[in-house]
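Engineer: Assemble the whole structure, with the sequences as input and the hints as a guide.
Protein chains: 2
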Amino acid sequence: MQKIQNITLIGAGNVATNLAYLFYNNGFKILQIYSKHIESTKKISKLIKTSATDKINNISNKSDLYIISVSDNSYSEILNKLKINKNSFIVHTSGSININIFTKKYNNYGVFYPLQTFTKNKLIDFKNIPICIEANTTENQEILKKFASNFSDNINIINSEQRKTIHLSAVFASNFTNHMLDIAYRINEKNNINPNILLPLINETIKKTTENHPKNNQTGPAIRNDNKIISEHIDMLNKIFTSKYLENIPKLYNFVSQSIKDLNKK
Amino acid sequence: MQKIQNITLIGAGNVATNLAYLFYNNGFKILQIYSKHIESTKKISKLIKTSATDKINNISNKSDLYIISVSDNSYSEILNKLKINKNSFIVHTSGSININIFTKKYNNYGVFYPLQTFTKNKLIDFKNIPICIEANTTENQEILKKFASNFSDNINIINSEQRKTIHLSAVFASNFTNHMLDIAYRINEKNNINPNILLPLINETIKKTTENHPKNNQTGPAIRNDNKIISEHIDMLNKIFTSKYLENIPKLYNFVSQSIKDLNKK
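Chains as they are written, first to last, in my numbering: chain S, 4 to 269; chain Z, 4 to 269.
Zero decoy hints are in this set.
Note that identical chains are pooled: a pair holds if it fits in a single copy or bridges any two copies.
Here are the computed lysine to aspartate or glutamate pairs in the EDC-like style, where the Cα-Cα straight-line distance is at most 16 Å: (1) Lys6 - Glu145; (2) Lys193 - Glu164; (3) Lys210 - Asp128; (4) Lys268 - Glu250; (5) Lys242 - Glu164; (6) Lys130 - Asp156; (7) Lys58 - Glu80; (8) Lys193 - Glu250; (9) Lys6 - Glu142; (10) Lys148 - Asp67; (11) Lys89 - Asp67; (12) Lys123 - Glu42; (13) Lys108 - Glu80.
Think of the hints as simulated: they come from the structure by calculation, not from any bench.
Structural biologist: Structure (structure tokens):
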């Protein structure tokens, strides 16, 4: 079985940056990083002792693995321009994109999707992160699996359909929860209350999820059908968020409250 | 300064149950628990060696502290019926109710609001839970503060206006985040994927909040303005949630995505 040692990264965003450091710190060699934005790429490439390029034709054929990690709508452009050997092993890191984008141009391909929220300014410990693997052959699947097991104990063989579902659920579990937290913080700040008072509550809410299905943990005015509090809260929000862009937050409160009632109807 | 030793609990819901065990386990004497629902009250009263009553006139005058912990819309009825000495020390545990509900009938009163999400089946460690204290006099405030410090290291003097704001923010931070997690879990379950695959992502999302304001942690299709993914996700949700009550979940996705875009406009 082919062993991965040399890697080329195509992309320099949140995921690519985290992966670059991850691979470097685990003894892998990053041969090149490509990105249209050469300046941000150079910052990373210096730290992990590799070369940065913004010319896609400069990408060499010498890597054991090519990882494309760009925004979803840049994939087709990148794949059109990329001229590496058709036997190269190439994967992408997207939750939403089907494995079959590689079918026409490559013989060895797959997906390496770490289910996590990444920001450039924070490097993540990968040990428990679920890595979702897919590949065009059983042998390539084994190569990817073995590669992923260098970083995580949580490897999952997930097909493109399942991955799309997981990604959709992750938007709720991470992006939407974070938005609710963001609004909660701003409500306190606009009233000169330190929002950190919420942290024990937030931590307990999440701890309950690790112990029990969230459907069993729902509390608050909506599930109690406490419409008096709901309408008081909407009045308060109308006073707190007066700027043009934020006038929908009271409606959001109403919409989510109704959704809680609906989801918990027997 | 008056020392609190004997406590009477009025109510037997999620908060009252958690408080009953908390006080008992910390060496306080619960003289009585009152609730209209005598059966659920008897379950608690046996465990913490006290007497249960469903007759509000049976509440004795011998307690150092009376804690009313009922649903918000039951307070006025309880206060009308309750016939204890006007010099009794009486508090409520609500996030939303003003301290002034006691003004007409009592001379010593306040609020003891633990900022946490309580369910009966899970007892909570109070050590870090913010307890929000309010009282009608500085002396009563000190009594409550000292009492609360038996259970928590996180005591906050918070007036009724501030408490209402905190409670509103807590609906976003706990009830609404839990709802997002609930939907995320159901999306996976309806597609035969174990939703526990989300746990590391959820934990990291929350961990970021402890380190950084949520406004700096927002990721996902909405903040990237990735409308192609957003409309794909809405199509998927329309196929997943077909039952009458859940047909608004795709709209919820759209509404929250728009709210993320709005909140992050410069």
